[in-house]
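Q: Note that the protein sequences, when read in sequence, are chains A and B.
In terms of the UniProt record's numbering, the first sequence is residues 1 to 65.
In terms of the UniProt record's numbering, the second sequence is residues 1 to 411.
Keep in mind that the hints are not guaranteed to be accurate.
When the alpha-carbon atoms are kept at most 25 Å apart in a straight line, the in silico SDA-like pairs for lysine to any residue are as follows [claimed, not checked]:
#1 B:K377 / B:T365
#2 B:K377 / A:D28
#3 B:K398 / A:I35
#4 B:K49 / A:E9
#5 B:K331 / A:V32
#6 B:K49 / A:R47
#7 A:K61 / A:D29
#8 A:K5 / B:T365
#9 A:K61 / A:R47
#10 A:K61 / B:K398
Footprint (simulated), chain A over chain B, 3 or more residues, beta carbon under 8 Å [said to hold, decoys possible]:
#11 5-15
#12 19-26
#13 159-172
#14 294-300
Please keep in mind that the hints were generated in silico from the structure rather than gathered at the bench.
Virtual Cβ for every residue (Gly too), placed ideally from N, Cα, C.
Okay, here's what each chain looks like letter by letter:
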Amino acid sequence: MPVVKADLEACQGYANCVVGASDYFDLDDDGVVEILRTEVPEADRARVTEAARSCPVSALKVEEA
Amino acid sequence: MSAGTVVIVGSSIAGVRTAQSLRLEGFEGEIMLVGEETELPYDKPPLSKSVLAGTTDEDSIRLLTQEQADTDGIRLLLGYRAVGLDITENMLELEGHEPLHYDQLVVATGAAPRPSPWGQPPGIHVLRTLEDARELRRDLLRGGSLAVIGAGFIGAEAAATARSLGLDVTVIDPVPVPMSRIFNPEIGHWFGDLHRENGVNTMFGVGVESVEGEGGNFTVHLTNGKSVPAATVLVGIGVTPNDSWLSASGLLVDNGVVLNEYCQAVDAANVYAVGDVARWRHQKHGEDVRIEHWTNAVEQAACVAHNITHPDQPRAYTPIEYVWSDQHDWKIQVVGRVGGNVDHVVIGHPQIHGRFVALYTTDGTTLRGAAIVNWPKALLACRIGMAQGTTVQGLRDKLEPQLQPQPTGAS
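So here's chain B without its partners, still in its complex pose (with noise of 0.2 Å):
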């Protein structure tokens, strides 16, 4: 069995779940997690949802506590910032401490939001961290109304969020259509009619032109004139990789750190990424790939712990693309590859059946990805199917049968 020492840099899913797949697999060396954050390592899902919300307290998203690092034999390092790699001496650099010596270092530094470009000062913020989301719901609970500029995940997230605490909220996105960068726009359209029939105010196909004001007493200035008043605003415009750090090591970083099939650096056979910072060669779709969601995360993390334990056995990563958004009742999830001109077929509506499924495929036979919401028997046939691939009319045969209207209208 492999040893040496591994350090992985980045405390967050992708890093803890290295962490602990390695001990899975047998590895007997050394583990250093470090982290940026000095917080223990946390689950990031949760932030635009129940700890929003008020509803899950801090230490039930703990990803690891000293106890159980201690017992899986796992360093913690938190609160120190990874600034540079020596890919030649195999030295990791930190700020504030001393540089660090890997055979195999792992990078899961993961990304980080596209800053407000209407300045931030209080009350402008975005969601990210743990303390991002303790600094919102502050906010929040000060009243007043929100405006959510991004009607992407995280801000369709909060918004629900902040309409179950009873706020005002107005959602905007220059998008025509919310989602439909991901959905086509019939679904699309779903989702905007979601958000309204929760009372969340939308304002489509508009851009922000500034905010002015103070925390509790903003503007929002918009492209077509119109302005939102909001004591809080917040900004969902996207990620970007924090792979900056990177930038004078040698190693090719491209929108995340370049790798081949099995997750391992294309420069340095020695260095692996895992999760948001992870741009990996996909065999299966023949190109680059980087994924920012929480089972990517895992599913990487878990190949690259094989991969490190058992070299002369390496495992290409070649997942099935899934994420999930809780967004007022429904529960939505995306499985394969939605996004592009492809055909699509609905099964289910949300009015009639309060469930519905939209299967996407490119050639009118194979399933290339579908989008699920409320519907957990779909769920499984669609993860399942794409893996065996089962073809859209054999899923149409399955699961229209299980349909039933709802009598009371939307779900």
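Only chain A is shown next, with the shape it has when bound in the complex (with noise of 0.2 Å):
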């Protein structure tokens, strides 16, 4: 099953990940990003990649994995 992965030190808290799909990203006081579900099933791929590709500075993947 894919997974979501993420870059914390490159997060900025931009929070587009999180109004994307905020079933699997959240922001942590500091604005860095959390995880809340890292595995991502076949029906949320689409949702949670495009959540992931809307972040400014490319601090989240979905991989294989």
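Starting from the two chains in their separate frames, assemble the complex, guided by the hints.
A: See below:
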């Protein structure tokens, strides 16, 4: 199953991912992304990939596990 | 699933994301991505920040490599400028290349900086492309002072970057309070303070009469009789959509390609537009809207890809506006609509808390837009709040308890 990976150093807290998929992403108090669920079932793949791609600093990837 | 050939004109963020989103939506036909620049597609926001500062290398801002394009079955046709469109025959005309047939066309030609009204000899710059950024950086590294004409996002970001490189910087803008086209004056003043605290000379409320001299030794003459010496000049006075190549196409073009709520051209159902060049019917605002921001390009690309692949279930495009700007140590984020003469509530203060949010409302209750500085949780609350219809009071109740005075003063 594909998994979500985050580059916490790159994250700048733009929150596009949370707006795109709030069931997978959140921001902590410092504005760094929190991954709420790592595994992405096929039914969610397009939506979560779009949310990851909406990151302005490419801090998120959906990859094959 | 739909097939045929989709031709995308424009290889910046809106065009690239349309191509990628088409594949994500399962599009099985041919995708051609045509770009005027010979460069592999790259991302523009870093150009006034990390690329100009030299802290990011060019490879890391590529939006698409040849390998990724091959993997996704995206044919790249770079270095060709679109010069015309025949919407009867479905043909795209290119300079120096035979015309391309399309079944669906996506116009993503973006916008171009307004040229300098004071001439553009070497040393007077605009900043839009990677090559623009390289040339400006080359001049900044020669040292000397920088004069920035225009205190909008690009000018303000480039000024902050030049300060970080140790240059003397003057920002000139005819508007008395910077950013007051976007925000209310109280907050605009804070932006002015931010620049001055970081060593930028500001000359607001005064225009530029002329620029004399040559690269390395310019004199910027102001309308108040004063002058500013500068080794390098950057002109950041806005952009205009790249739509003139469509003027004879029969498509309705009016400060951008005019589209319906599904981002289809009003005169041709198989022509779409995305990004800075697109003016579409925003159903929630009840008016035609054109937005020059990164997030809009990404969201609009996804919507158009959906509408091309799901013609029976098209989605109306009704985004909540979002833009960010990094200036000195401020991360500025704007959600929704903040312009115009509307009421506002400010929570926090840059000197006391190092963060603040301004909530804008027309009726005193409903959130219309927000400007957020250095406050991630407030950003999230405002973006989600806008989508869910949160009230201004609801956001105050949530955000005011989060404020803590910052003993160090300014952030």
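Q: Give a verdict on every hint.
A: Right, here's what the structure says about each hint:
Proposed proximity of K377 of chain B and T365 of chain B is supported: the alpha carbons are some 21 Å apart, at most 25 Å. Taking the CA atoms of K377 of chain B and D28 of chain A, the gap is about 8 Å. The hint holds against a cut of 25 Å. For the hint pairing K398 of chain B with I35 of chain A, the CA-to-CA distance comes to about 23 Å; that is within 25 Å, so the pair holds. Annotation: proposed proximity of K49 of chain B to E9 of chain A holds, straight-line Cα distance about 17 Å (limit 25 Å).
In summary, the hint linking K331 of chain B to V32 of chain A is supported, as the alpha carbons are separated by about 14 Å, within the 25 Å threshold. A distance of roughly 30 Å separates the Cα atoms of K49 of chain B and R47 of chain A; the hinted pair therefore is violated under the 25 Å criterion. At roughly 22 Å between alpha-carbon atoms, K61 of chain A and D29 of chain A fall within 25 Å of each other, so this suggested pair holds. This hinted pair does not check out: K5 of chain A and T365 of chain B have alpha carbons roughly 39 Å apart, beyond 25 Å.
Among the hinted pairs, K61 of chain A with R47 of chain A is consistent with the structure: their alpha-carbon atoms are about 13 Å apart, no more than 25 Å. For a cut-off of 25 Å, the pair hint linking K61 of chain A to K398 of chain B is broken: about 32 Å separates their Cα positions. Look at the segment 5-15 of chain B against chain A: 0 of its residues bring a Cβ nearer than 8 Å to a Cβ of that chain, fewer than three, so the hint is violated. Remark: the segment 19-26 of chain B is confirmed as covered by chain A, as 4 of its residues place a Cβ nearer than 8 Å to a Cβ of that chain, reaching the required three.
By the rule of at least three residues with a Cβ nearer than 8 Å to a Cβ of chain A, the coverage given for the segment 159-172 of chain B is violated, with 0 such residues. Residues of the segment 294-300 of chain B with a Cβ under 8 Å from some Cβ of chain A number 4, which satisfies the need for three, so the listed coverage holds.
Hint check: violations occur at hints 6, 8, 10, 11, 13; the rest are consistent with the structure.
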